[in-house]
Amino acid sequence: MVKTITLRIDDKEVEATEGMTILEAAKKLGVEIPTLCHYEELEPYGACRICSVEFERRGGSRIVAACCYPVEEGLKVRTRSPKIDKIRKTIIELAAVTVGEDIAGKMRELADEYNADISRFRSKVQIESTKCILCGLCVRRCVEAIWDSAIGFVGRGVTRQIAIFPEKSAICSVCNYCYVVCPTGRITSTGPNPPFPSVDDVLAGRK
Amino acid sequence: MVELECQHCGYKWDYRGDNEYYATCPRCRYKVKLPEDKAREVGRRKLSLELRRNLLTEKQPTKLLGVAGTVNRVIEEFGYGKNMLIQTLLRLQRSFGWLPREMVSEVSKQLRVPLSQVYQIATFYKAFPLAPRGKHLIRVCMGTSCKVRGAPMVLDKIQRTLKIEKDQSTPDGRFSLETTKCAGCCALGPVMTVDSEHYGNLKLPDVERILSKYE
Amino acid sequence: MEAVKLLSSPKEIENLRQRIRAKRNTGKPVISVCVSTGCVALGASRVLDAFKAELEKREQKDKVEIKQTGCLGFCEQAPIVTIYPDEICYFKVRPDDVPEILSKSIDKKQVVKRLLYKDPVTGRRAQRLKEIPFYKYQLRTLLECNSKIDPKKIEDYIALDGYDGLVKALFKMTPQQVIDEVKDANLRGRGGGGFPTWLKWETSRKATEEPKYVIANCSEGDPGSFMDRSLMEANPHSILEGLIIGGYAIGSHEGYIYVKDEYGLAVENISKAIRQAEEYGLLGENILGSGFSFKVTVHKGAGAFVSGESSALMTAIEGNIGEPRPKYIHTAVKGIRGRPSCLNNVKTWANVPLIILKGSDWFRSIGTKCSSGTAIFSLAGKINNTGLVEVPMGTTLRDVIYKVGGGIRGGKRFKAVQIGGPSGGFIPEQYLDLQVDFDEVANVGSMMGGAVVMDEDTCMVDAAGYFVDFLLDESCGKCIPCREGLRVLSKTLNTICEGEGTREDMQIIEDVAETMRDASLCALGTNAANPVLTSLKYFRDEWEQHLKEKRCPAKACKALTKYYIDPKKCQACLICLRECPAEAIQGEKDQVHWIDQERCTKCGVCYEVCSFDSVKKLSGEPVPSPPPKGMRPIRKRGG
Chain A
1 MVKTITLRID DKEVEATEGM TILEAAKKLG VEIPTLCHYE ELEPYGACRI
51 CSVEFERRGG SRIVAACCYP VEEGLKVRTR SPKIDKIRKT IIELAAVTVG
101 EDIAGKMREL ADEYNADISR FRSKVQIEST KCILCGLCVR RCVEAIWDSA
151 IGFVGRGVTR QIAIFPEKSA ICSVCNYCYV VCPTGRITST GPNPPFPSVD
201 DVLAGRK
Chain B
1 MVELECQHCG YKWDYRGDNE YYATCPRCRY KVKLPEDKAR EVGRRKLSLE
51 LRRNLLTEKQ PTKLLGVAGT VNRVIEEFGY GKNMLIQTLL RLQRSFGWLP
101 REMVSEVSKQ LRVPLSQVYQ IATFYKAFPL APRGKHLIRV CMGTSCKVRG
151 APMVLDKIQR TLKIEKDQST PDGRFSLETT KCAGCCALGP VMTVDSEHYG
201 NLKLPDVERI LSKYE
Chain C
1 MEAVKLLSSP KEIENLRQRI RAKRNTGKPV ISVCVSTGCV ALGASRVLDA
51 FKAELEKREQ KDKVEIKQTG CLGFCEQAPI VTIYPDEICY FKVRPDDVPE
101 ILSKSIDKKQ VVKRLLYKDP VTGRRAQRLK EIPFYKYQLR TLLECNSKID
151 PKKIEDYIAL DGYDGLVKAL FKMTPQQVID EVKDANLRGR GGGGFPTWLK
201 WETSRKATEE PKYVIANCSE GDPGSFMDRS LMEANPHSIL EGLIIGGYAI
251 GSHEGYIYVK DEYGLAVENI SKAIRQAEEY GLLGENILGS GFSFKVTVHK
301 GAGAFVSGES SALMTAIEGN IGEPRPKYIH TAVKGIRGRP SCLNNVKTWA
351 NVPLIILKGS DWFRSIGTKC SSGTAIFSLA GKINNTGLVE VPMGTTLRDV
401 IYKVGGGIRG GKRFKAVQIG GPSGGFIPEQ YLDLQVDFDE VANVGSMMGG
451 AVVMDEDTCM VDAAGYFVDF LLDESCGKCI PCREGLRVLS KTLNTICEGE
501 GTREDMQIIE DVAETMRDAS LCALGTNAAN PVLTSLKYFR DEWEQHLKEK
551 RCPAKACKAL TKYYIDPKKC QACLICLREC PAEAIQGEKD QVHWIDQERC
601 TKCGVCYEVC SFDSVKKLSG EPVPSPPPKG MRPIRKRGG
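Residue numbers (the working numbering), protein chains in the order written: chain A, 1 to 207; chain B, 1 to 215; chain C, 1 to 639.
Calculated from the structure, these hints are not laboratory results. The reader is advised that the hints may include incorrect statements.
Stated by the list, open to error - Beyond 12 Å from chain A on every Cβ pair, some chain B residues (computed):
1) R16
2) M84
3) S95
4) R112
5) P152
6) E208
Said to hold, decoys possible - Computed list of lysine to aspartate or glutamate pairs in DMTMM-like fashion (alpha-carbon distance at most 20 Å, straight line):
7) K491/C <-> E128/A
8) K31/B <-> E76/B
9) K334/C <-> E18/A
10) K203/B <-> E621/C
11) K86/A <-> E514/C
12) K5/C <-> E278/C
13) K163/B <-> E621/C
14) K562/C <-> E621/C
15) K135/B <-> E215/B
All C-beta atoms in this analysis are idealised placements derived from N, C-alpha and C, irrespective of residue type, glycine included.
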């Protein structure tokens with residue numbers, strides 16, 4: 001018998017089953033929490049932190065990622081508050097550093113909603129825009145498709161990027177798993193030449 | 001014609017070649033050792049009687065040659081588990097000096113780990129050099145204590161003496177220069193290690209004296 | 001040495017202990033040479049070889065025993081040699097001193113006065129360790145026996161009551177009683193967090209999934225700390241014993257020890273210790289006939305600071321990249337491969353055998369009410385007596401820095417001490433009377449760990465920038481706040497250090513730091529802003545000077561400092577002229593030297609090599625105009 005857990009999201013009560021995350025419980029209620037690195041059929045990743053929500057805990061508030069936090073009995077979650085709004089605004093502005101000036105799609109909607117000034121940090125840190133926020137959706141989808149994935153992360157920290165392994169990329173001409181999930185529009189096409197640098201180029205550049 | 005089965009990927013095929021020690025699997029390129037009776041069959045086709053006699057009496061060990069062999073030996077020692085991946089790579093890097101592309105591909109094949117994951121690990125950690133290094137590795141510690149005690153000046157002096165920058169190797173292949181976050185000798189900053197020898201309490205004149213000991 | 005026999009009962013190990021002790025009670029002099037990484041870096045292996053060669057030459061090899069030990073703590077005075085049974089300590093020993101030591105101390109039972117420790121204030125020589133100020137104020141419960149143990153010989157450890165705690169736990173206590181004893185002793189995790197150890201063990205014990213794991217964390221990524229390295233090199237068996245007792249308490253039969261790859265000697269010593277323990281039957285199946293089995297594997301880290309975080313470490317042991325994961329479910333419940341895993345720092349494990357053997361009352365009698373036991377610090381930075389110290393919890397910082405540490409090097413003024421690595425934040429002078437204890441340190445926004453002392457020559461803005469750069473390099477890059485936030489912080493701090501900061505920059509720093517603290521995935525991100533925020537809080541005036549006056553009070557920021565030769569003091573010795581890498585110094589013999597500001601790269605070499613104190617650093621003031629051409633130096637009397 002799966003246990004039912006009752007919690008409150010934005011002052012509305014919802015019944016969730018044990019093992020659900022706050023994001024899933026909110027969806028059941030119809031409350032929309034924005035996400036960038038989340039995809040229904042994949043395991044939650046927790047990289048973009050846009051889905052941060054707040055709840056009270058022992059006198060202070062705690063901020064967690066809704067896509068990963070399991071539901072608990074008696075939680076009082078708030079999905080919008082001045083603190084959360086500021087966090088989401090700053091995260092969009094930080095993400096804009098790598099994405100560049102022309103933001104499209106989901107990110108543009110979020111930027112408009114939270115009044116983010118996308119060139120605030122970008123003017124300080126002048127780097128080439130890669131249009132990639134390293135949400136990992138393309139890699140996770142590729143692993144789901146063929147396990148011995150054609151693309152993968154290389155590097156760590158700010159040097160982290162996505163590279164393609166030529167010997168595994170034969171299937172790319174007929175697959176488009178990564179193309180459909182990219183939130184920034186970086187992956188313009190798949191086909192025989194997917195727009196990722198080859199791992200040999202990345203390693204040579206790093207020498 | 002000899003019927004063979006690849007123990008790595010399970011592929012079965014008819015071997016028509018004339019190498020009597022091992023055959024290359026057409027699917028995964030693994031080197032498959034010919035069982036003795038089958039080797040005899042192949043050998044009978046082309047060897048003289050004397051060599052045939054030697055083949056029958058001597059026991060040939062399973063030998064994977066080249067890169068595949070090196071990798072296989074290390075994996076045998078650690079076991080075929082995915083959790084020993086990092087330890088295997090560390091041992092290979094120590095004995096070979098760096099990790100060429102072929103070696104990483106072999107590790108991925110023999111341990112049955114996706115290539116993208118092996119590369120994710122090899123590029124995440126700083127201990128794995130993916131390009132050939134000089135003969136002697138110089139590591140200058142830039143930890144908090146060493147920095148406060150003057151490590152940037154030591155690094156500067158080494159860079160000027162060898163005429164290279166950080167993370168580069170000298171053109172003659174003698175030295176490679178790297179920085180490390182903490183060598184563990186914080187009480188004796190600034191600290192430098194060359195290969196596995198530590199030098200502490202460095203002053204600027206010591207640098208040339210120490211470097212000249214290595215050729 | 002007798003042949004190794006598998007021990008199969010407590011009585012056998014006790015008999016072995018008596019036999020070893022009897023064999024050592026011959027009155028033969030023992031020379032202990034410390035060969036830990038620190039002493040070797042200052043030449044200890046050459047001293048050891050000199051001793052061996054000299055004894056060979058004198059044919060006295062059987063009359064004197066040479067022991068290679070682990071760290072004694074006083075790294076400033078390395079290499080260190082101790083002579084037993086008289087307990088004479090010699091410091092800064094050179095290979096040339098060896099014949100004199102042998103002839104005087106061994107043959108004639110005299111002391112070599114010049115090698116004894118000399119008190120810098122009173123000038124008196126001290127013969128025994130207890131008389132030296134560095135050791136007098138310490139309470140070395142864990143580190144005391146380092147000078148008597150050769151880490152590569154398990155017999156030394158057994159002779160000093162080693163593995164007696166394990167015998168007591170396995171045969172006289174139930175697992176629940178072990179946890180209760182640790183609870184009574186109030187042992188708190190010494191990895192920096194101070195989490196009650198018994199609570200972690202209890203959580204793992206109650207979890208039902210099998211198999212369970214215990215892990216010892218020796219991946220000391222913090223720059224400035226070397227406590228774990230010293231402990232692992234000097235006394236690996238104490239950690240092993242603690243790990244086995246912990247495994248017994250929570251019901252685990254498999255342990256991992258995670259050591260950083262850079263610690264070569266530590267890996268070697270712990271691997272040898274495991275092999276020797278297995279030979280004696282203290283590891284493996286049916287330990288000492290108790291029915292409890294345990295095995296330990298050593299896992300080497302591969303060069304990532306973030307892998308020292310507990311969830312990242314467990315991911316690394318599984319064979320993936322060492323990325324932290326959100327700890328909404330504790331690792332004590334779901335750790336390696338989703339099984340209960342109990343991770344503790346090496347120092348915590350080393351305390352466990354002592355608590356079991358000597359009792360929780362003894363442990364509680366040391367330290368303060370909420371933090372029992374001792375704290376091990378690595379003192380480094382601009383301090384006179386650098387090294388490893390062990391003081392009871394509750395000692396004030398002032399005592400640690402001035403009494404044990406001997407004060408600031410070069411007589412300069414104290415500015416700040418940085419405890420606990422990059423997550424720790426700076427502690428300024430007004431908190432020097434803080435008692436060292438988990439809660440007190442957390443109240444000022446810091447964390448327990450290694451201590452690096454900074455004096456008036458350290459620029460606090462530059463130091464904050466150093467830590468941000470360190471964390472930028474070591475961040476795993478998974479979550480946006482930490483990765484991009486650190487990039488923005490680093491660039492902003494660099495602009496301020498170059499004198500181009502604005503008010504907007506301060507606002508940016510505060511906003512980004514707040515977001516990182518709230519929204520990051522792991523503790524690296526949430527604590528990454530600590531150095532910047534504490535530096536801003538306690539040293540605001542330095543930041544203001546950088547912003548408004550373009551001045552660096554400590555004269556450390558290259559872009560804001562200029563070098564200048566005082567014509568009244570310069571002796572025209574040509575040394576700085578030759579050493580200057582940019583050839584920016586003009587002058588000749590008998591003509592006062594002058595630095596061309598256009599070519600100067602501010603490397604600081606001239607400041608280092610001038611023995612007449614005539615090179616000055618200026619910041620925020622204009623450089624005086626050049627002296628008249630051909631001006632002669634004012635010679636000091638006496639050449």
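Unmet hints by their number, sorted upward, for this structure: Violated hints: 4, 10 and 13; rest satisfied.
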